[in-house]
Structures are given as C-alpha cells and as structure tokens.
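Student: Each chain is listed here by its residues.
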Amino acid sequence: MKILVCIKQVPDMESKFKINGEGLWYEEANLAWRINEYDEYAIEQAVQVKEQVGEAEITVLSVGPERVREAMKKALAMGCDRGVQIACDDPWRRDSFEIASLIAEYAAKESFDLIFTGMQSQDRGSAQVGTLLGEMLGAPVLTTVVDFSWDGTKITARRELEGGMKGVVRTPLPAVVTCQLGLNTPRYPTLPNIMKAKKKEIVSLPVADLAGVEGRLATEKTAFPEKKGSGLVLEGEPREMAGQLLGILRLKTKVL
Amino acid sequence: MKALLVAECRGGEFLESSYELAGFAAALGAESVMFCMGGDAPPAFAGTLYQADAAVCGEFNPALHKALLLQVIDREKPDLVVFCHSSYGWDLAPRLALALKAGQVSEVVALAEGGYVVPACNSKLRRTVRPSTALTVVTLQSGAFPPLKEEGAAPPIISLAPPATEGGMEFLGYEAAEIGEVDLSRAEVIVSAGRGIGKKENISLIADLARAMGGELGASRPVVDAGWAPHDRQVGSTGQAVSPKLYMACGISGAVQHLMGMKKSDFIVAINSDRDAPIGEVADVLVVADLKEFVPALIAQLQV
Ligand SMILES: Cc1cc2nc3c(=O)[nH]c(=O)nc-3n(C[C@H](O)[C@H](O)[C@H](O)COP(=O)(O)OP(=O)(O)OC[C@H]3O[C@@H](n4cnc5c(N)ncnc54)[C@H](O)[C@@H]3O)c2cc1C
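Those sequence lines, one after another, are chains A and B. Adding 7 to a residue's 1-based position in the first sequence gives its number in the working numbering. Adding 184 to a residue's 1-based position in the second sequence gives its number in the working numbering.
Calculated from the structure, these hints are not laboratory results. Heads up, some of the hints might be wrong.
Here are the simulated lysine-lysine pairs, PhoX-like style, with alpha carbons at most 25 Å apart [claimed, not checked]:
| id | chain 1 | residue 1 | chain 2 | residue 2 |
| --- | --- | --- | --- | --- |
| 1 | A | K261 | B | K447 |
| 2 | B | K186 | B | K261 |
| 3 | B | K429 | B | K448 |
| 4 | B | K447 | B | K333 |
| 5 | A | K234 | A | K23 |
| 6 | A | K261 | B | K429 |
| 7 | B | K447 | A | K235 |
| 8 | B | K429 | B | K333 |
| 9 | A | K23 | B | K476 |
| 10 | A | K80 | A | K261 |
| 11 | A | K234 | B | K447 |
| 12 | A | K261 | B | K333 |
| 13 | A | K9 | A | K206 |
| 14 | B | K448 | A | K235 |
| 15 | A | K234 | B | K448 |
| 16 | A | K234 | A | K259 |
| 17 | A | K207 | A | K57 |
| 18 | B | K186 | A | K161 |
| 19 | B | K448 | A | K259 |
| 20 | B | K285 | A | K116 |
| 21 | B | K429 | A | K235 |
| 22 | A | K228 | B | K285 |
| 23 | A | K116 | A | K57 |
| 24 | B | K447 | A | K259 |
| 25 | A | K228 | A | K9 |
| 26 | B | K285 | A | K259 |
| 27 | B | K186 | A | K23 |
Given only the sequences and the hints, what does the whole structure look like? Please build it.
Tutor: As structure tokens, then:
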C-alpha cells in the first residue's frame with residue numbers, strides 16, 4: 008500500500024506575533040515552529056495502518072522552505088519512510104487552491120492508495136486543502152475524522168459533527184482522510200527511531216518544477232483584532248491577585 | 185448581488201445556525217435563495233427555497249449534494265454561495281468551489297469593503313482576503329452574524345429531483361454523542377482545565393479549585409482528548425454548552441470552538457500566562473499568571 012501524509016509546519020500559537028513588513032502575514036523570524044497539531048494525528052494514523060498491513064510505504068510531504076525539513080524529520084522518526092519537500096520560500100502567499108494543486112500534481116503521478124491530511128492548519132484554519140486534494144484526484148474524501156478503521160477492503164470512519172454527534176461513513180480505496188483532534192494518540196519518536204530517520208531520504212522538488220496554478224484569493228492585509236478590552240486585567244504577585252480576584256467575585260457574583 | 189444560502193437540517197429539523205446565513209445576506213444587502221437537503225418544516229425565510237428529498241438523497245452525500253447545488257446555481261446564477269462553517273459546510277464548500285472554479289473564503293467573521301475578514305492563529309490575528317473570481321464560496325463562523333428570521337408565510341418551495349450521481353461514499357448513519365453523568369449545563373460554577381495545566385497530574389489542582397468554589401470541573405478539548413478528563417466534562421462546540429454564573433478558564437487559550445460552549449456564562453475569569461491569549465476578549469477578569477502558582481494561592485485564600 009502506498010500512503011501519503013501531508014503536513015504543514017506552523018508556529019507555536021502561544022507566540023508573540025508580529026505583522027510582517029508587507030502587512031500581509033505574520034513575521035516569520037524568531038518563531039518556534041512545529042508540526043500542525045492536526046497533522047500529527049494524520050502521521051500517527053498512517054503509521055498505524057502500515058503496522059496493520061505490513062507491506063506499506065509512507066511518504067510525508069510538506070510545502071515550504073528549508074525549515075519544514077525539521078518537521079518532516081520528526082514525521083520520519085515517527086515511522087514515515089521517505090520525505091518530499093515541495094520547496095517554496097513563501098507558501099503563505101499561496102491560497103488553499105494553489106497548495107492543493109501543487110500536491111495533487113505530485114500525487115497524481117504516484118497513485119497513492121491512501122492520503123492523510125489534517126482537517127485544517129492551526130494558523131490559516133481554512134479546512135480546504137485535504138478536501139480539494141481529494142476532489143482534484145477524483146478520490147472520495149472523508150473529512151473531520153475522529154475514528155478510523157481499515158478492514159482490508161474498505162475504510163470505515165467516524166466524522167465528528169456538532170455537539171459530539173458522529174456520522175459513520177465507508178469507502179473503498181483510494182481515498183483521502185482529513186484528521187480531526189483526538190483521532191489517536193500521536194507517538195513520541197524514540198531515540199533509535201530518531202537515529203534511523205537520519206538515514207531516510209528527503210527529496211526536494213523546486214516549486215517551479217510543478218506547473219502551478221493561479222490562486223483565487225489575495226490577502227489584502229493581516230492585522231491584530233481590535234481589542235474590545237472591556238475586561239479587567241490583573242498582573243502581579245499571585246497572592247495579591249488571588250485576594251483581588253476574590254474581592255471582585257464577592258462584589259460582582261453571588262456564588263461565593 | 186445574489187446569494188445562495190446553503191441551510192442545514194438534521195433528522196428533518198432545520199438547524200438554527202442556518203438563520204445566520206440570512207443575517208449575513210442582509211448585512212451584504214444581497215437578494216437570496218436557499219437550498220436545504222430535506223427539512224420537514226420550512227424555515228422562516230423570505231425567498232425561494234430549493235429542497236431535495238433527504239430520504240432519497242441522504243442527509244450526507246457530498247457528491248450528490250454538490251450535483252444538486254450545481255443545478256440550483258445553474259438556474260439562479262448567484263454571485264455568492266454561503267455555508268455555515270460547520271462539519272457539513274466545510275466538507276461540501278471546497279468540493280463545490282472546485283467544481284465552480286470559484287475562490288473560497290473559510291470562516292468569515294466580518295465584512296470589509298468587498299473583502300472578507302477571517303481569523304488566523306487561533307484568533308490572535310485577522311486576515312482580510314479578496315477573491316479574484318466572480319463567483320465566490322464562503323463559510324461563516326458560527327455566531328459571527330446575527331440570525332435573521334423573517335415574518336410571514338412559508339417560502340415557495342422548488343423540489344429538486346435527485347441526479348444520477350453515486351460518489352463512492354456510503355453514509356451509514358448517525359451516532360448520538362456519548363452521554364455522561366455530569367450535566368454541566370446546570371452547574372452554577374464551572375472551573376475548567378485547559379492544555380495549559382501541562383500534565384495529567386495537574387488536573388487535581390483544577391478539581392480542587394472547583395471543589396473549593398463549590399462548582400463542577402470542566403475541560404477544554406485537548407485535555408479530554410489526552411484522557412486527562414472524561415468526555416462529559418468537555419465544554420465547547422463538540423462538547424457541552426454551558427451558562428453558569430461563574431466560569432473560570434484555567435490555561436485555556438480561547439479558541440472559537442471552546443468559546444462557543446461557554447461565552448454565555450454570566451461572569452468569566454481567565455487565568456493565563458499569555459496576556460494576549462484570545463480568551464482575554466471574552467473574560468471579565470483576565471489573571472495573567474502561571475496557574476501552577478496562582479491556583480494554589482487562590483485555594484489557600486478561599487480556605488481562610
Ligand atoms: C471542529 C472542531 C471542534 C472543536 N471542538 C472543541 C470543543 O468542543 N471544545 C474545545 O475546548 N475545543 C474544541 N476544539 C479545539 C479548539 O480549536 C482548540 O484546539 C482547543 O480549545 C484548545 O484548547 P486549550 O485552550 O486548552 O489549549 P491551547 O490552545 O493549547 O491553550 C493553552 C493555553 O494555556 C496557556 N498556558 C500555558 N501554560 C500555562 C500556565 N502554566 N499557566 C497559565 N496558562 C498557561 C497558554 O498561554 C494557552 O493560552 C475543536 C476544534 C475543531 C477544529
């Protein structure tokens with residue numbers, strides 16, 4: 008079985024963000040980068056399928072600059088077999104349609120049986136790339152999956168709906184699955200696996216080598232939201248703040 | 185401008201969130217028509233409603249629903265197709281956008297002179313985007329636009345015949361949410377633990393605070409996903425909706441899906457080490473502190 012996992016590298020969401028010089032996105036310098044949380048579930052699910060079927064090869068793919076190789080190395084240490092970087096310095100300029108088109112162009116040549124992506128990225132949150140990719144490849148797409156099983160012929164998956172309700176869907180391969188939080192428990196790479204991963208290849212494809220398409224959305228600006236700032240902010244020494252907070256709660260609520 | 189609003193139904197019932205689509209169209213000053221797969225009672229809506237039989241077409245069948253929508257679009261020639269940013273909407277919208285060669289904007293929270301404002305980085309940033317295509321598909325963040333219910337008679341309905349589309353995916357039905365023992369919706373005080381507690385052992389710290397406050401323990405999703413708290417403690421769009429007199433969010437960033445479950449609380453206190461955490465936008469009091477230091481200090485003072 009040939010499996011593809013698409014991952015994105017995103018900044019730590021607790022970062023102090025700055026807007027970049029063009030006013031279009033966040034400034035990338037001085038950020039700590041990691042694998043998009045949703046994609047960690049995608050990697051783990053791919054590795055679990057490989058463990059189940061035995062004969063499988065997992066390719067992990069990421070679109071982005073040099074630094075995304077770090078994210079891919081972690082995926083390799085978690086059990087992916089090879090990496091493909093679509094090398095591109097400014098993926099943030101491209102919309103979901105462009106990103107999905109680039110991946111689809113690569114994936115169409117490889118005929119993967121199963122593709123996992125996260126349901127969305129933590130920074131853009133568009134929830135489009137996985138679905139577009141599947142539609143471009145003409146494969147069924149199962150989105151927002153929180154439970155996955157493969158019985159040798161078909162996938163059965165649970166899609167998460169609002170209020171914790173689930174929708175159960177089934178499809179044969181090839182298929183694309185977009186992974187939602189809680190699908191599984193992503194493993195930590197062990198030291199021996201980190202060492203082994205160093206020998207695994209990461210191929211780099213310059214983005215110019217893929218035909219590419221025009222995007223359909225342009226970012227006009229990125230800014231901080233207007234702070235309504237109606238609430239009170241307490242800063243200082245914990246014991247003092249605890250006293251202050253209790254005073255406020257006694258005054259404003261009747262629960263104490 | 186004309187908008188096609190894609191309303192939602194579950195088990196024959198029209199979902200309230202669909203009225204937000206009409207509110208959005210009103211904010212744009214757009215004329216609108218609506219599509220809904222099934223639905224026993226037609227919504228209060230002052231335009232034409234296109235409907236197909238859910239018993240025949242299935243409540244979830246992306247390929248077939250896409251084909252039906254394409255029929256409506258061919259007839260109505262809208263400029264905009266509007267979905268809720270929901271499990272149904274984000275699943276179907278990109279499929280439709282691709283078929284229409286349309287740009288798609290996800291999770292719109294506001295309008296800005298022809299552009300759409302969407303959140304980025306867990307709502308720490310706002311991005312304004314503009315589609316370059318004539319026809320655009322958008323999904324709306326839940327709660328961002330006020331619902332609009334129109335007075336008067338039921339809308340005229342045009343029934344759609346099911347197209348001959350298969351789509352390769354079988355829908356096997358719904359499963360109800362797991363029912364737990366705790367009904368957080370009735371609690372007067374809820375103290376919730378977020379990923380900021382750092383590790384499983386620290387859940388007891390938050391549980392102690394909940395007890396000292398005479399309330400119930402709640403949790404954000406990652407805490408539940410990690411197995412640190414049971415699912416019936418989860419607050420949010422895929423957990424429980426709560427409205428206590430006091431909600432204390434400890435180490436919770438304030439993602440929109442969490443806010444959806446708790447922003448109706450009377451009084452909100454957030455304890456967070458990040459002064460810029462989005463939870464600060466809904467909190468009546470934001471305590472900027474490491475919860476491992478602040479929570480014990482608070483418990484100590486509650487006990488004197
Ligand atoms: C379709 C969908 C449905 C979802 N449904 C839900 C839902 O029902 N409920 C839900 O909660 N989420 C839901 N989520 C997930 C949601 O998007 C967020 O990922 C989640 O709410 C984040 O949880 P958190 O705030 O606990 O963690 P994080 O976002 O990781 O935030 C942790 C916070 O803790 C703070 N912190 C860290 N250390 C400390 C410390 N020592 N002291 C004080 N503060 C500290 C950090 O500054 C940060 O703000 C859903 C997501 C999707 C896509």
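Student: What's the verdict on K429 of chain B and K448 of chain B, does the C-alpha distance respect the 25 Å limit or exceed it?
Tutor: 9 Å, holds
Student: Take a quick look at whether K186 of chain B and K161 of chain A sit within 25 Å of each other, Cα to Cα.
Tutor: It is violated: about 42 Å lies between the C-alpha atoms, which goes past 25 Å.
Student: Within 25 Å, alpha carbon to alpha carbon, are K448 of chain B and K235 of chain A?
Tutor: 17 Å, holds
Student: So if I understand the rule, the pair passes when the alpha-carbon distance is 25 Å or less; does K261 of chain A with K333 of chain B pass?
Tutor: 36 Å, violated
Student: Next pair to validate is K23 of chain A with K476 of chain B; report whether the Cα-Cα distance is within 25 Å.
Tutor: 22 Å, holds
Student: Taken at face value, is the distance from the CA of K259 of chain A to the CA of K447 of chain B at most 25 Å?
Tutor: 17 Å, holds
Student: CA of K234 of chain A to CA of K448 of chain B, is that 25 Å or under?
Tutor: Holds: K234 of chain A and K448 of chain B sit about 19 Å apart, inside 25 Å.
Student: CA of K234 of chain A to CA of K447 of chain B, is that 25 Å or under?
Tutor: 17 Å, holds
Student: Would the pair K234 of chain A and K23 of chain A pass a check requiring their Cα atoms to be no farther apart than 25 Å?
Tutor: Distance ~15 Å between K234 of chain A and K23 of chain A Cα, so the pair holds.
Student: Quick one, are K429 of chain B and K235 of chain A close enough, alpha carbons at most 25 Å?
Tutor: Distance of about 22 Å is within 25 Å: holds.
Student: Given the hinted pair K261 of chain A and K429 of chain B, is their Cα-Cα distance within 25 Å?
Tutor: Roughly 8 Å separates the two Cα atoms, so the pair holds.
Student: Is K429 of chain B within 25 Å of K333 of chain B, Cα to Cα?
Tutor: 29 Å, violated
In this structure, the hints that do not hold are numbers 8, 10, 12, 18, 25, 26 and 27, in rising order.
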